[in-house]
Amino acid sequence: MGLFQRMFGKGSDEHLAALRRIREKFSLFRSLLDHQNRVLKDIGQLEVRSRRNLPIEAADVVAVEEAVAGLVEQMVELGGDSYAVLRERLSEVRREIRADAAGTRRVAPDEFVIPYDRLGRERAPSVGNKNANLGELRSRLGLPVPDGFAVSAWGFHRFLEANALREKIDALLREAGPAGPGERDAAAGRVRSLVVASPVPDDLRAAITDAFEKLSARCRDHRFAVRSSAIDEDGALSFAGQFVTLLNVGRDNLLESYKHVLASTFTPASVHFARGRGAEQFESPMGVGCLALVDAAASGVLYTRDPLDPDAPRMLVNAIRGLGAYLVDGVLTPDVFHVSRDDRSVALVRVAKKTVQLVPQPGGGVAEAPVPQADQERPAASDDQLRMLAGFALRVEEHYGVPQDIEWAIDHDGRLFLLQARPLRLVRRRTPAPAPPELHGRALAGGGTCICPGAGAGPVFHVRSPGDIHLVPDGAVVVAENPSPRLIAIMHRAAALVTRVGGAASHMATLAREAGIPTVAGIERAGELPDGMEITVDATAGTLYEGPQRELVDARRRETEPQADDAGAAPSPLRRTVERIAHLNLISPGDPEFRAERCRTLHDITRFIHQRAMEEMFGTARATAHKDRIGLRLKTDIPLAVDVIRLDEEHAGAARRGKVAEAELDSVPMQALWSGIKEEGWPSRPVPADLKGFLAVMGTNITEGNQPQFSESSYAFVSREYMLFNIRMGYHYATIEALLTAEPSANYVRMQFKEGGAPLERRVRRIRLICDLLRRMGFETSSQADFMDATLAYQDADTLAHRLRLLGRVNIMTKQLDMALSNDSVTQWYTDDFSRRLGLESAPAGRTGARPGGDVPIAKLPPEREGGAS
0 MGLFQRMFGK GSDEHLAALR RIREKFSLFR SLLDHQNRVL KDIGQLEVRS
50 RRNLPIEAAD VVAVEEAVAG LVEQMVELGG DSYAVLRERL SEVRREIRAD
100 AAGTRRVAPD EFVIPYDRLG RERAPSVGNK NANLGELRSR LGLPVPDGFA
150 VSAWGFHRFL EANALREKID ALLREAGPAG PGERDAAAGR VRSLVVASPV
200 PDDLRAAITD AFEKLSARCR DHRFAVRSSA IDEDGALSFA GQFVTLLNVG
250 RDNLLESYKH VLASTFTPAS VHFARGRGAE QFESPMGVGC LALVDAAASG
300 VLYTRDPLDP DAPRMLVNAI RGLGAYLVDG VLTPDVFHVS RDDRSVALVR
350 VAKKTVQLVP QPGGGVAEAP VPQADQERPA ASDDQLRMLA GFALRVEEHY
400 GVPQDIEWAI DHDGRLFLLQ ARPLRLVRRR TPAPAPPELH GRALAGGGTC
450 ICPGAGAGPV FHVRSPGDIH LVPDGAVVVA ENPSPRLIAI MHRAAALVTR
500 VGGAASHMAT LAREAGIPTV AGIERAGELP DGMEITVDAT AGTLYEGPQR
550 ELVDARRRET EPQADDAGAA PSPLRRTVER IAHLNLISPG DPEFRAERCR
600 TLHDITRFIH QRAMEEMFGT ARATAHKDRI GLRLKTDIPL AVDVIRLDEE
650 HAGAARRGKV AEAELDSVPM QALWSGIKEE GWPSRPVPAD LKGFLAVMGT
700 NITEGNQPQF SESSYAFVSR EYMLFNIRMG YHYATIEALL TAEPSANYVR
750 MQFKEGGAPL ERRVRRIRLI CDLLRRMGFE TSSQADFMDA TLAYQDADTL
800 AHRLRLLGRV NIMTKQLDMA LSNDSVTQWY TDDFSRRLGL ESAPAGRTGA
850 RPGGDVPIAK LPPEREGGAS
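Position 58 of the sequence shown, counted from 1, bears residue number 57 in numbering that gives the first Met the number 0, the numbering being contiguous throughout.
It should be emphasised that the hints constitute simulated quantities derived from the structure, not laboratory data.
Glycine is no exception: its CB is placed at the ideal position from the N, C-alpha and C atoms.
Accuracy of the hints is not assured; some may be wrong.
Stated by the list, open to error - Estimated spans, in silico, between C-beta atoms of each pair:
hint, residue 1, residue 2, range
1, D382, R549, 43 to 49 Å
2, P312, G364, 53 to 59 Å
3, G445, E663, 35 to 41 Å
4, A83, T740, 34 to 40 Å
5, A662, N36, 45 to 51 Å
6, G445, G474, 21 to 27 Å
7, A442, E46, 31 to 37 Å
8, P472, S26, 45 to 51 Å
9, L347, H221, 33 to 39 Å
10, T740, P682, 54 to 60 Å
11, G390, T208, 20 to 26 Å
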């Protein structure tokens with residue numbers, strides 16, 4: 000017989016069942032809160048990217064939708080079928096996102112084929128930015144661009160229509176059903192196979208082959224490149240490395256190559272995005288370029304501004320031997336040059352040993368070949384060639400008015416060609432501070448090339464195969480052999496990226512800078528790091544450190560400010576869906592319109608679920624049978640009724656008495672918070688108010704030792720490491736959640752504060768005051784009217800326990816304070832006074848204050864309060 004049964008005898012089975020149910024419910028509630036926090040983080044990332052004009056991928060939208068769908072199912076499980084209406088609301092929001100996307104992807108009728116010689120950038124909506132820019136450089140600027148032609152997106156539309164591919168793809172998606180990463184890849188593969196197996200309609204075939212014959216007649220070497228030029232590519236949404244380019248194509252495989260490029264628009268993320276919506280909602284209308292292949296002796300990428308130091312008066316050039324695919328795919332580490340923007344003088348930064356190169360094969364296609372011994376350690380381009388390249392590049396920049404990212408090649412006759420030009424995405428940053436001296440002895444590896452500045456910390460996770468990408472945990476430091484564009488799939492959840500080889504001009508480098516994720520390449524020892532080892536990546540300095548170095552991460556974050564220089568680029572279609580995802584319409588839970596039927600965005604659904612989940616949890620606790628046997632009343636001299644429900648083992652003596660003493664709480668976060676409440680002590684008199692306030696009326700019920708008549712019980716759900724405390728004091732309530740473990744990366748404290756008895760403007764002032772105090776403690780805060788949400792995470796347990804003690808004091812200090820905050824000057828006086836008493840007065844906002852060595856005596860009241868209402 001168990002302890003509970005021995006204590007209570009008859010009926011204890013019912014009590015045990017009730018306790019088991021509440022614990023199971025709380026476990027689900029915890030899981031839901033964890034899920035909700037991840038959803039809000041993902042939504043916040045979308046908002047940041049949208050505000051900064053950075054790219055938003057279909058995968059980002061898919062991830063948020065999936066997460067919200069999971070949240071809805073958890074809410075139904077927690078609260079029952081009354082919340083099933085959320086499924087309908089989610090479906091409706093998804094349909095509206097589909098409609099938003101559809102409205103941006105219509106393709107206007109146009110010619111199937113347009114030669115580069117009569118193509119300009121105004122045709123970008125028809126042929127894609129890549130084609131349009133090359134036509135602009137060739138036809139308008141007279142720069143050396145290979146001869147070629149564009150196949151318009153109208154040709155793509157014709158291909159899909161002639162083969163009824165949208166209907167067939169929709170059928171495939173319906174058959175696929177719910178998809179995880181593996182199934183998603185398989186579904187995308189089936190869609191691409193369907194596209195490649197479909198014939199090119201006669202009219203489109205005739206236009207392409209006729210243009211090809213004319214191009215072939217003009218070229219001495221009948222080898223060509225067939226390249227993607229999606230409508231969204233190389234604009235605000237770069238899609239770097241995500242579509243297909245085929246090299247050394249001939250007459251016999253021209254149309255097959257064209258179809259393979261079209262098929263590459265159907266990525267795993269876009270296929271999943273389209274499930275239940277229709278194929279037209281996820282295809283990126285695809286233009287295709289066919290141009291003469293440059294048999295490159297050397298190739299590379301030039302940035303007209305250094306992406307990592309945009310204010311420096313220099314250009315950055317990366318160069319390799321052979322075709323450029325090995326550079327942009329991150330296979331090889333390049334030579335690096337600086338070219339002055341003023342006098343075009345060349346400075347060699349690094350010569351890489353170049354043992355292999357990519358070359359065209361006589362029968363078509365490309366293959367790896369050795370670099371002759373004499374050329375392996377010689378620069379891939381001469382100073383004269385680089386100066387000529389720099390002159391062309393500055394003309395392109397002047398023409399477009401923004402810094403440029405330019406791919407180039409030099410053939411075996413020494414002729415220079417420009418192969419691509421697009422807006423360059425820059426990272427603005429302040430002068431980087433050196434690493435703290437105490438880290439000098441903890442460096443694991445150095446000498447890396449900074450791809451995107453900043454710092455990130457987390458456990459090492461090696462991506463050694465494509466399958467590993469789906470296994471990357473949130474917050475990991477991802478280590479890979481080379482900077483493959485496949486790594487884009489994990490950029491939204493990785494803390495940092497490290498590769499053994501590669502340079503600043505790969506496709507992944509472009510994507511990493513767009514994502515703002517700290518990235519470093521060229522760390523030779525990266526592969527030796529054990530999985531799970533906690534490290535810090537200082538990408539700015541190209542150095543790896545042992546352990547989580549949070550101060551360094553925070554310092555680097557303040558130094559960097561991502562920026563996209565995309566003037567004139569077309570906006571991403573998916574960016575327009577951010578409003579449908581992130582806008583919050585449901586603000587106040589007390590508003591009659593705070594209903595499931597009023598959820599119009601994914602953020603609304605998430606906010607509604609969070610609020611209702613808390614109400615369900617506490618409502619379940621209040622309505623649970625045998626509650627007097629499950630909840631133990633906290634025995635304390637503080638006039639606050641608190642029922643404590645343990646979520647792990649029960650304290651035998653406390654259960655027998657039906658009460659729990661403060662010393663028996665055995666919850667690290669609860670003990671810390673309660674010690675702050677006790678330290679501050681219950682106020683012996685009400686906060687002074689002006690004559691217009693009604694606190695004087697309330698004050699008659701609030702005398703020392705008497706609990707207010709309007710007070711309701713507070714509830715605390717506790718375990719050894721966890722606490723969720725819903726504390727009600729008068730007309731306001733606060734919910735404080737904390738997890739304090741031995742692992743700092745898992746720890747957090749979160750506080751929500753709501754409502755009050757004073758007019759709204761006074762409640763808002765109290766929220767502002769509390770936010771100010773919490774920011775001085777290191778919390779991140781957000782507020783809306785009289786609601787506040789604050790979080791502090793990734794700290795050791797001792798640090799967070801100290802913050803909880805301060806939170807306990809703050810809750811007592813600000814009890815009914817809203818009644819006294821008649822104006823901003825009074826609010827500032829209380830802010831300064833509380834800061835002194837908490838030992839925070841010297842700490843700037845947003846930084847951690849020192850632990851107080853003791854209380855400062857309470858200062859006198861504000862001048863206008865002296866002799867005022869009592």
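Each hint, compared with the structure:
Between D382 and R549 the C-beta distance comes to about 45 Å, which sits within the given range of 43 to 49 Å. Take P312 and G364: their Cβ atoms lie about 42 Å apart, and the range 53 to 59 Å is violated. At about 52 Å, the CB distance of G445 to E663 disagrees with the hint of 35 to 41 Å. One distance hint, 34 to 40 Å for the beta-carbon pair A83 and T740, holds here, with the actual separation near 36 Å.
Checking the proposed 45 to 51 Å range against A662 and N36 shows it is violated: the Cβ atoms sit about 32 Å from each other. Range check, G445 to G474: Cβ separation about 23 Å, and the 21 to 27 Å hint holds. Range check, A442 to E46: Cβ separation about 36 Å, and the 31 to 37 Å hint holds. At roughly 21 Å, the beta carbons of P472 and S26 sit outside the given window of 45 to 51 Å.
As the Cβ distance of L347 to H221 is approximately 37 Å, the hint placing it in 33 to 39 Å holds. Separation of T740 from P682 is about 34 Å and departs from the stated range, judged on CB atoms against 54 to 60 Å. The beta-carbon spacing between G390 and T208, approximately 38 Å, falls outside the hinted interval of 20 to 26 Å.
Of the numbered hints listed earlier, those contradicted by the structure are 2, 3, 5, 8, 10, 11.
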